[in-house]
Amino acid sequence: MRKFLFSLSAPVGAFVLTLVISSIALWAFGSNPFAAYGDMLGHASKLETQVDILNRATPLYISAVAAAIGFRMNLFNIGVEGQYLFAFLIAAQVGSLVSLPAVLHIPLIMIVAMATGAFYAGIAGVLKVTRGVNEVISTIMLNSIAVAGLIAWLQQRWQAEQEEFTSTTLGTNPIDESGLIPHINGIVEIFTREIGQGKELTGVLLVAICVGVAYHLLLTRMRFGFDLRASGLNPFAARAGGVPPKRMIVAAMVLSGAVAGLIGLVELSEKGKFPPNAIQGLGFAGIAVALLGRNHPGGMVFSALLFAFLDVSAGILQNTEAATKEIVNIMQGIVLLAAVVAYGISKRFQEREEARETAEALRAEQGVMA
Amino acid sequence: MKALNDLPAWIRWPLYALAGIMLLTLVQTFFSDTERLTQVSTSREMLRWAVPIFLAGLGGLFSERAGVVNIGLEGMLILGMWFGAWGSINYGPWIGLLIGVLGGALGGLLHAVATVTFNVDHIISGVAINILAPAITRYLSDELWASPTTSPSTETPDKIDLLFLGGGNIGEWESPDLLLSIAEREWWFISDVSQLLRGLVTNVHWVSIMALALVPVTTWLIWRTRFGLRLRIAGENPGAGATQGIDIIRYKYLGVIISGGLAGLGGAFISTELSGLFQGGNSAGRGFIGLAALIFGNWRPGGVLVGALLFGYVFGLDLKDLDGTASHALLLVNTVILAGVGAWALTKRRTTDAILAGLLGVGAFVWWISAETVPDWWSNILPYVLVLLVLVFFSQRLRMPAALGQPFRKGET
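In the order they appear, the protein sequences are chains A and B. Heads up, the first sequence is in the numbering used here, so the first residue is 561 and it goes up one at a time. Heads up, the second sequence is in the numbering used here, so the first residue is 108 and it goes up one at a time.
Derived from the structure by calculation, the hints contain no laboratory data.
Examples of chain B residues toward chain A, derived with CB under 7 angstroms:
1) Asn226
2) Asn487
3) Tyr491
Listed next, the stretches of chain B that the computed footprint assigns to chain A, with coverage defined by at least 3 CB atoms under 8 angstroms from CB atoms of chain A:
4) 239-245
5) 389-398
6) 474-485
7) 493-499
By construction, the Cβ of each residue, glycine as well, lies at the ideal position given by its N, Cα and C atoms.
Working from the sequences, and respecting the hints, build out all of it.
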């Protein structure tokens, strides 16, 4: 119990610090922090807003799992951003070319998305083990290459093939209804009132839940997950224990990229294609969510919901004019930095506590012997 | 080859540069319609684009020599961009640069507190700063300039022409413009060299001159002074340093704060000189490219400059190359360079390198033969491709500070 409270102190401390600093930032520019927080919370208590929050939290959570798989073995896949956008584009294009029944069409799109993400992340993994290229720099460069190069190029090409060329046909060709993951309002409405304002809860939420469960099982029940954690905690010991380090690096990158490929499914199912102004930044936000949730399958649920809540709150702040909506970005940044520092402090305390307990136990034993 | 390696670096690198210009001239004369590869404007843009990359990379050098990995350079650069623009708008160009430095240094301080005092993983802290910094600038911009991403236009100090080389003035007297007179003769190759040099000495920004001066200054500071020795001990073997009574924590703090300040100066340079205003996203990953220049330069100031100029050349060429002919000619240059890398790898008996370089070279050549121009998206990503290729071929020949990225606590070795 004491240990549990202890592990809770770091995130709570980070949260309080965030509230203090963002209140100062709001107050300094003449906004009333309490009015702003009140508006945010009041807005979030509505069912429709909660649907929005879940829709935003879904890709954030998948993105966080993708980043966390790498982090677990000290592998920094900063390239989730490029991987998901590239995978989104390819999957949307492939999905628009075929017409299949839904039971085949949806899995096909998902597999193509995962394979593309895995391939693109795999490049960084292979470069690391064969050429010693630091994965942080290579994935960042691959992000720029994907966004500014590959996506721009392929979009130009495919658009040139379209017969009619109007602003509504921008992006890839539309995918048949059978390829889109349906919304799940029906399931939610069993428990609640009807969801209004035409809001739809994305069915990808179920995919995200599966991803979370699979990630949990991978870490706790599977040999590969054990090797992954062992390589992260002590690569030398893992190697001595027969875990091939190079293969683990490539495998972790590939797996991370495959999960990243699923991020775009939310927008794909909503818009039915790869739109010209696809949502960017989910990859970087996912890294923040993973760090805040300490790469833990459950912890990341909370941090994804927190980040989604803040993102969605930006809209209401703009409407009520209680504060500048950019304050939510500040809150996200500060809660992240405060949390990583707080985790650092609590780890130190924990180590000191353990050292003290061991010393006491030793002393007691020596006392008995004397 | 051996004789070349025995020459001092300040002779060797200009020789490499001359060889490079010779290659550009040859390609331009015999195989291409473009003249942009060696124009004044190309080298001027190269320098302008290289300066922020170089300053970020040099910042990385101070931090990493002290043993702290600094992925947060990008964030510090963004802080420098914003604070530089804000200072320049309110207090004039020079104070603006200074405030930009302070803004970046503040980011450095944050990174130092997290990594040195609280032993947060260096990359995690850096990532957090990279997320926080743009958020801060968006909020401040929205509050002060009523737009989260754009500022009013900024002021920058006057640019100057260097004496004699670039026809600069002393008072009323205008000195002769040597390079221009050579360039105007249209001598083959020699005029190309003087064209490119002219871009470096005319219409130069003060920060560019400062940045170039920082190469010898940093070299002296890091390898010839007590401060530098202690900074390097903090990055190579902090435990041993601590037993000698050196305050390792202090030197790590200094290294990371200087690092942030330099990245901040680079950022202020972007918002006051390169783009003339603060614009969100205008950093274009230059903090990260600076890190790549640092790795390419093997954690040495001169090497960082060479890397930054290389990346700056590609950026600068792309900027004026609207029809894609110069980027097309660059494909042939790439082919020759890759062939050279392949041959070099063969003499070292590194077969994989040779095969890889050969394949890429053939690819570049086939593309050059089969197309007249290259599309714009290729020139946009060329700098990033170049960074990747440089890392692919040179990552394994490098030596980074021995204790880079490792935590240090007082009293534990």
